[in-house]
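Between the sequences and the hints, there should be enough to build the whole structure, so can you do that?
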Amino acid sequence: GAVVSQHPSWVICKSGTSVKIECRSLDFQATTMFWYRQFPKQSLMLMATSNEGSKATYEQGVEKDKFLINHASLTLSTLTVTSAHPEDSSFYICSAETKFPDTDTQYFGPGTRLTVL
Amino acid sequence: QKEVEQNSGPLSVPEGAIASLNCTYSDRGSQSFFWYRQYSGKSPELIMSIYSNGDKEDGRFTAQLNKASQYVSLLIRDSQPSDSATYLCAGGLYNQGGKLIFGQGTELSVKP
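Chains as they are written, first to last, in this note's numbering: chain Z, 1 to 117; chain U, 1 to 112.
Hint data in this document are derived by calculation from the structure and do not stem from the laboratory.
Check each hint, because a few of them may be wrong.
Derived EDC-like pairs: lysine to aspartate or glutamate, alpha-carbon spacing no greater than 20 Å straight-line [as the list claims (entries may be wrong)]:
1. U:LYS42 to U:GLU3
2. Z:LYS41 to U:GLU107
3. Z:LYS41 to U:GLU3
4. Z:LYS20 to Z:ASP102
5. Z:LYS64 to Z:GLU87
6. U:LYS99 to Z:GLU52
7. Z:LYS41 to U:ASP58
8. U:LYS56 to Z:ASP104
9. Z:LYS41 to U:ASP83
10. U:LYS67 to U:GLU3
11. Z:LYS66 to Z:GLU87
12. U:LYS111 to Z:GLU59
13. U:LYS42 to Z:GLU59
14. U:LYS67 to Z:ASP104
15. Z:LYS41 to U:GLU45
16. U:LYS99 to Z:GLU87
17. U:LYS67 to U:ASP27
18. U:LYS42 to U:ASP83
19. Z:LYS66 to Z:ASP27
20. Z:LYS14 to Z:GLU87
21. Z:LYS64 to Z:GLU52
22. U:LYS56 to U:GLU45
23. U:LYS111 to U:GLU15
24. U:LYS56 to Z:ASP102
25. Z:LYS99 to U:GLU45
26. U:LYS42 to Z:ASP65
27. Z:LYS14 to Z:ASP88
28. Z:LYS20 to Z:ASP65
29. Z:LYS99 to U:ASP58
30. U:LYS99 to Z:ASP104
All values reported here derive from a predicted model rather than from experimental measurement.
Right, dumping it as structure tokens:
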């Protein structure tokens, strides 16, 4: 149980374009999902907390107008990187929270590798 | 300041040995702790969660929590080359909507 998927697994785009990443909880409902970014050889950096039916909460320093998050249902959250630039190239990972096996636990999707040319 | 600290390693152990990974945290508001394993180029995978003082065992893995000392550890018995990965320790902040605070990770290398 507690499987999270992400799509696409990798994407290459031109500078200035927008990219949408989907995060789905496949076998459970997730009121809360999280979006992280990870640069090579660094730990995960939380970008925002996504709650179903409400606005996302962004971490300090993360531009909410650049990283648009929509949590439209209990199984789907999306992250749109708008007007992407090379410095946005990174590994984007989502997680979904559920009480499995015994406490609130985050399960991670497989990640999306974004390369902006 | 809320922090989770880990030895960055790399930690190298021979195959079959016990690998000991350690983590300290500074926020007494953290109630639950998690160990994730991350292979190079992949996303984190949950290994263990623990929220009560003491030991919790799952197969070859044992997590230990000491809230008085603000210390969490993960023991891997009979280490295998396939255990070679970065291990992330994380503390859950339930007064902040379930956010996790991650340590920098400890790189483990198990030599055949």
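Are LYS14 of chain Z and GLU87 of chain Z close enough, with their CA atoms no more than 20 Å apart?
-> holds (12 Å)
Below or equal to 20 Å on CA atoms is what counts here, so check LYS99 of chain U against GLU87 of chain Z.
-> The hint is violated at about 25 Å.
Pairwise hint evaluation, ASP88 of chain Z against LYS14 of chain Z, where the allowed Cα distance is 20 Å at most = holds (11 Å)
Under the criterion that the straight-line Cα-Cα distance not exceed 20 Å, is the pair LYS42 of chain U, GLU3 of chain U satisfied?
-> violated (24 Å)
Given the hinted pair LYS66 of chain Z and GLU87 of chain Z, is their alpha-carbon gap at most 20 Å?
-> Measuring from Cα to Cα gives roughly 13 Å; hence the hint holds.
Hey, LYS41 of chain Z versus GLU3 of chain U, does the alpha-carbon distance stay inside 20 Å?
-> Holds, at about 19 Å.
Does the alpha-carbon distance linking LYS41 of chain Z and ASP58 of chain U stay inside the 20 Å limit?
-> violated (28 Å)
LYS41 of chain Z and GLU107 of chain U: Cα distance at most 20 Å?
-> holds (10 Å)
Given hint GLU3 of chain U paired with LYS67 of chain U - CA-CA distance at most 20 Å | holds (15 Å)
Pairwise hint evaluation, ASP104 of chain Z against LYS67 of chain U, where the allowed Cα distance is 20 Å at most = holds (19 Å)
Hint consistency between LYS42 of chain U and ASP83 of chain U [alpha-carbon to alpha-carbon, up to 20 Å] | holds (14 Å)
Between LYS99 of chain Z and GLU45 of chain U, is the straight-line Cα distance small enough, at 20 Å or below?
-> Status holds; Cα separation ~16 Å.
In this structure, the earlier hints numbered 1, 4, 7, 12, 13, 16, 19 and 26 are contradicted, and the remaining ones agree with it.
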